[in-house]
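Asker: The whole structure should be built from the sequences, with the hints applied where relevant.
Residue numbers (the numbering used here), protein chains in the order written: chain A, 1 to 541; chain B, 1 to 95.
Every clue listed holds true.
So the derived list for chain B, only partly shown, Cβ under 7 Å to chain A, looks like this:
no.	residue
1	LEU23
2	MET30
3	LEU31
4	ALA37
5	LYS38
6	THR39
7	GLY44
8	ILE46
9	PHE49
10	MET54
11	TRP56
12	THR61
13	MET65
14	TYR68
Anything over 10 Å on all C-beta distances counts as not near chain A; from chain B, calculated:
no.	residue
15	PRO10
16	ILE12
17	THR13
18	PRO14
19	LEU15
20	VAL17
21	VAL18
22	PRO41
23	HIS73
24	ASP74
25	ARG76
26	SER77
Because the hints were derived from the structure by calculation, they are not lab data. A quick note: this is a predicted structure, and the numbers were derived from the prediction, not measured. Glycine included, every Cβ here is placed at the ideal spot set by N, Cα and C.
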Amino acid sequence: MKDGVNGVALGVFIFFFLAVTVIGFMAARWRKAENEASLDEWGLGGRSFGTWVTWFLLGGDLYTAYTFVAVPAAIYAAGAAGFFAVPYTILVYPLIFTFLPRLWSVSHKHGYVTTSDFVRGRFGSKGLSLAVAITGILATMPYIALQLVGIQAVLDVMGVGGESGNWFVKDLPLLIAFAVLAAYTYSSGLRAPALIAFVKDGLIYLVIAVAIIYIPIKLGGFDAIFSAAQHKFATPNPKTGQPTGAIAPGHAGQWTYATLALGSALALFMYPHSITATLSSRSRNVIRRNTTILPLYSLMLGLLALLGFMAIAAGVKVSNGQLAIPQLFEDMFPDWFAGVAFAAIGIGALVPAAIMSIAAANLFTRNIYKDFIKPDASPAQEAKVSKLVSLVVKVGALVFVLTMDKTVAINFQLLGGIWILQTFPALVGGLFTRWFHRWALLAGWAVGMVYGTLAAYGVASPTQKHFGGSSKEIPGIGEIGYIGLTAFVMNVVVTVVLTFVLRAVKAPDGIDETSPADYTADAGDPGVITELPPATAGSAH
Amino acid sequence: MPESTEVKRPVITPLRVVIALCLIAPFVAMLWVGSYAKTDPALGGIPFFYWYQMLWVLISTALTMIAYKLWQHDQRSRTAPASGTSDDTKGGVSQ
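Answerer: Here it is in structure tokens:
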């Protein structure tokens, strides 16, 4: 590691950071609508985004700074097991091709802003909707915190902040980055991350393209890179006596690999921020068309993952695996291009952090504030509360990162993935059938949440006593699998069994305010709201 | 209800089976980890495990694209004989 501050890299980083700040504030004027005070405007960008904007927004949203740091870091640490991110993102698209257009249609027909809105409308259950909302908020908060961890990793490697000095000087850069992010999210809403996503993805694609050609040339080709990795993984871990990783997963790791890929794919579009980006698109077909072009990001992710092997071959030695890739960039690239790469990661953290805080704020406003605190809130009040909550969420994430150990954020993010998957039966089940009983869904959700949390708590790793990983033996099968998926299966079983029971005893069913045709409606159809006027934004249900 | 006036068609048609297969294929390929958990043959120095999965990014993209085109075709052929107010006719031209 170079000592001191890397001035050139820092200068380039600050240049890009200032540029996106200007863009963030100018975004408020981009595609401006007449009724800017409503939640649709601030929180869904007026629901007006076309194929390309949606593509950038979703890409900026799903492939976060944390992804860029964590996926190669996992490969760096354990090899093949970390590559599950690629099959995971392959499976996401056929999945969302099937259900997201239906969610888009029903949401635009009834003015739903969040998944909980839909669940309440479909099952007539405020309790179930509250469960979905709280799960969403809980799962999103640590995710935002991890974006900050991503920025911190970059700042650390540049020699800014770091471990020296008092806490204020150390954390000042992060505080500034965050204040700026909070200010333009507050003023521009979803439009800010949508515009900044263009810059972010442009930079990311540039950096990956250069890295994937330039670094292997410097390291003597992929043959040399993989034999260096092979050599490192074959060396046993002094603590456990086991090899530290593998180039291809052994038989024991295959269940884990497959269940992680499937479970994560099912969970991804349960996250509020993915749904926010989806609902902001202009029409049903924008979504389907997007599922055919979004995999470009998966390809990029695959290439990026290979950087983990390059870090091994380049002899990058870091105590914290999260720093492996930023360190690789600093070692390999000339200073100015390292600055570009760091800017890409830094901005890559800002876009999802903004969208996530908006999504969490929407959930709070629609499904807690409006449903339980102030049912007669006007659209303008909703937008105002949402803006404030997005600030609170971000400050909360900041406090989280600054006061607690980084591993806490990572543990919670791991738990968040397990939790959010438990909302799948209510949401996706509800999109296709009304057969599930609302109480059964609630019970299934509770079982999944409790099992998932306890199981994750009980996983130990060489460095941690609890939350040491996301995989555990699957009861009844005996293979090691992703806890989230096991919890999900239990959730579904409980839901189905209880639905039979509750139907048999004729437990009261909630009122379904949707009709079958709502699920296939498209922009331009009668009753489909593209730009919700303030008067109807809250009265559609 | 408008949908009651539409011509009744079977829910499962050969076209829809093809669409379903296009969408299911990536799951079979990717979840069957044993079929690709090996290092040989390598491609340009990259072990099989890695380039095969990246190849599947492209394959699954092509399959999803085919499914999308077939689905549009399916929707058009379904709504064409029905009245003009039907939902999905506008799907393909809403851009």
